[in-house]
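Trainee: Here is how the chains run, residue by residue.
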Amino acid sequence: MAQATIERETKRPSGRVRRRPGAALGPWPLRGVALLYLGLFILLPVAAILQRGFGNGLMNLRDAMTSLGAWNAIRLTLVTAALTAIINGVLGTLLAYVLVRIRFPGRDLLSAVVDLPFAVPTLVAGLMLVALYGPNSTLGGWLEHHGIHIIFAPLGILLALLFVTLPLVVRSVQPVLLELDPAEEEAARVLGAGGWTTFRKVVFPALRPAIAGGALLAFSRSLGEFGAIVIVAGNIPNKTLTAPVFISQLINPTNYGGSGGPDQAAAVSALLFGLSFVLVLLTEKLVSSPSKGSES
Amino acid sequence: MAGTIEVQGLTKSFGTFRAVDAISFRAAEGAITALLGPSGSGKSTVLRMIAGLERPDAGRVWVAGEELTHASVQDRLLGFVFQHYALFRHMTVRQNVAFGLSVRHVDKPAQRQRVDELLELVGLAPFAERYPEQLSGGQRQRVALARALAPRPKVLLLDEPFGALDARVRQELRRWLDELHRELGVTSLFVTHDQEEALELANEVVLMNHGRVEQIGTADEIYNRPATPFVAAFVGASNMLRGVVWEGHVHFGRSAVAGAYDLDNGIDAVAYIRPHDIQITGTPGEMSFPITVERRTDLGWMSKVHLRLEDGQALVAQLPNEEIVGVRPGKHLYANLRNPKVFGLDQANRASGAELALVSAVGGAEGSG
Amino acid sequence: MSTQTREPSQPAPIDRLTVTERARNSDAGRGRLARGLMLAVALLYVLALLLAPLGGIIFYGLKSGLGAIGRTFSLPDVRHAFYLTFVIMLVTVAVTTAFGVVVALLLARDRFPGKRLVSALVNLPLAVSPVIVGLMAVLLFGRSGWFESFIAARGIQIIFALPSMILVTIFISIPFVVREVVPVLEELGMEEEQAAWTLGASRLQTFFRVTLPNIRWGLLYGIALSTARAIGEVGAVLIVSGLLQGRTETATLYILRAFDQFQEQQAYIVALTLAAFSILLLIGIETFKRKRTREAS
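Each protein sequence line maps, in turn, to chains Z, A and V.
Per the working numbering, the very first residue in the first sequence carries number 24; after that it's consecutive.
Per the working numbering, the very first residue in the second sequence carries number 2; after that it's consecutive.
Per the working numbering, the very first residue in the third sequence carries number 826; after that it's consecutive.
Derived from the structure by calculation, the hints contain no laboratory data.
Keep in mind that this is a model prediction, so the values were computed, not measured.
We put the beta carbon where it would ideally sit given N, CA and C, even for glycine.
Here chain V is said to cover these stretches of chain Z; the calculated rule only asks that three of the stretch's residues, wherever they fall, bring their Cβ under 8 Å from a Cβ of chain V: (1) 243 to 250; (2) 284 to 296.
Mimicking DSSO-like on lysine-lysine, the simulated pairs with C-alpha atoms at most 30 Å apart in a straight line are: (3) Z:Lys-308 x V:Lys-1116; (4) V:Lys-940 x Z:Lys-308; (5) V:Lys-940 x V:Lys-1116.
Covered stretches of chain A, as calculated for chain V (at least 3 residues, CB under 8 Å): (6) 85 to 91; (7) 98 to 109.
Please build the complete structure, drawing on both the sequences and the hints.
Mentor: Now the structure itself:
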């Protein structure tokens, strides 16, 4: 069967809802351990941030935002994250489509390469970009000569984010594409619809939630990215300073001169963090609801 | 190696849905008992409660005289065969069958011997080193059976054991299970929605509907002396005729059938008649009634004939080839109805309307549920 | 050609055209061109975005020759950095694997109120910036932190020492094992476990003999992802480590410092080492992923 090859996640008819005999893990102790683990490691730190950041009202936040480059850091982060989400939303979907629907030699290799950013440390990714586009490299020199600044410029930040988030989108869309029944598209073709029309009317609506989910994942990941950016960007306030780097500077003010401190960092973090959390919930809903619906 | 299974007052609800409602019955030692019923009748739930895979809300379970109601699954020492085999996919056939023994730390030589014994018994000795995915459905189920029998359980529970197999394999395994049971004599309780299977295999049938017991009896009793309209309609094909009771008979138009002796005069009643209990004659007999032949379908060794009574009600008769001569569409003949089972209309209505409608539809099931 | 008279603005009715005319209008040919184009764009994008930088670092890392590599590895700071990274990775992976399996069992098989919340909590570390994670640790264990007096009294050092680095790396690695094991557990259902129970196996026996073998590829996949993440962590450990050279510097932190102090060659070499290890991990990741998918069917 032509389509039933690579990574086809065949669903067994495990949809029979078997009533489970009470707690599958058995007695409460095991449940308790799991919940304790989660509670300790996750809820506690979150509570600390909220308390330290806003324990004194909005004062910490206001002070933090008076630091050099604060507003622009947030703006830059939001803009680059949005651009990343859009660009990789489109190209990532394209990649997923190519990996699922087009047979070509080296398809498996391409699939493996797409996962590269999952395996490589983010810092190393940033260093890779510096190696390729830095002023000392031939390519970098050529680009600088033509006025294209990558290292220590917003474009470098964008490239780093695109690198890091590509697999997020591809892996979000790919399984949904695999699940799609080719019969639907065949029916459309038999009825006379061309390739693009079929994609627009049959494939895309089914993919939309997955694409949105993947793009959201890319966005929220970009909001917080540190390692890939900290070397490439140069961290110039108001120019290439992003929010995560800014927050790291706030935490140890003595290192970077100026006021700051953990409480201010906490306030700004809480904002960024709140946004991330909302996005996580949104992503969960978007990604889980439609696919679960078609699974039963 | 046997024991009686006894349940009393078993009840289980899932949320607001009452799946099992105060079920009580006894499965005799050494016999095969069937839990028969349509989907949703609660039969699987009853079986699982006996096995300990579900906890009853109320009621008690005994096996071989020992109360197991609150015992853990592991302590019950019952054999269980699942509809989808549930073989351990990462173990060979041999390891699967040996599992119940190895878990109880039986020594290796004894394990080996017992496994070989069982593989012989189920006819899968050459497949000992294969993995489940390399076997067919029928073979997998036989492994599942061997696995369940290895630890010498007191009873054997089977949950729709042949439900996942195709028709031909189902028939084969049915015969094979029958032989196996004769040979081993383990008390067996199996769940099925296939009445042919139940009637053929079981010594006794517990017929369930909507979580309640409709009737308990041998295949003969259930088939020929149904206790409720549901049983009459569910087991075997049935025609339904509506009429009014007078003097122990049910009257429809100018015709009547006997059998309504314990019903009051004047009430509405339903008579259930099997297609093969209808005899067609050219001349009227004592209890015949006039009918018109509407359609005749020849099916090899017998024929199905659609008849219309004077009052408009329809009957489907099943006639062997010898009796079909002269029966042609359009002819006005006479029908003799044997063995009617009569129930009051309100009682018949209380049985699920959907099932009755399904079964009594013209050209309805020839025995499968 | 159709000889029927018709409004010039209307296209020829489909059934009036011959098959050849229809074929010419069809996009079978166009389709092939479009697919070729898509393939080209996709390949180009991956090449430029992912592979070119990889090539860059391989080139720059090896540029000064093997001698430089040998010298770099003989530096005590470098050795200590690798050692630290290794220790953190080991502890992190051990903890997240053990607890991850427990949490996965909980999510896949148990029903309890607030399950959705637990699932969101598990996914949370993926969305939080590592810098914020480091901050959390500082707020809890650092100066004027919530637990500061508690730990100071016992003379344990958490911040600016190994324990905090391990803790933040664990936090960040929590999701991976859980996320990969849960779908496998859901696919598998509980029937095999139930069968094991009926055969007399205790819950523990059942877990080790039935459940674990069945989830092994998904589990290994999650472990590989978790390992990669633990090794690559930089933002959070930067904040909690205090950057004490030779004492609390992981491989990634070493790279950061070396680059800052213009020891670029060393930075590239260490980075290349990490990249090489990541490629190995990637091979593992892809292998386990493939086996997991094949198995869940």
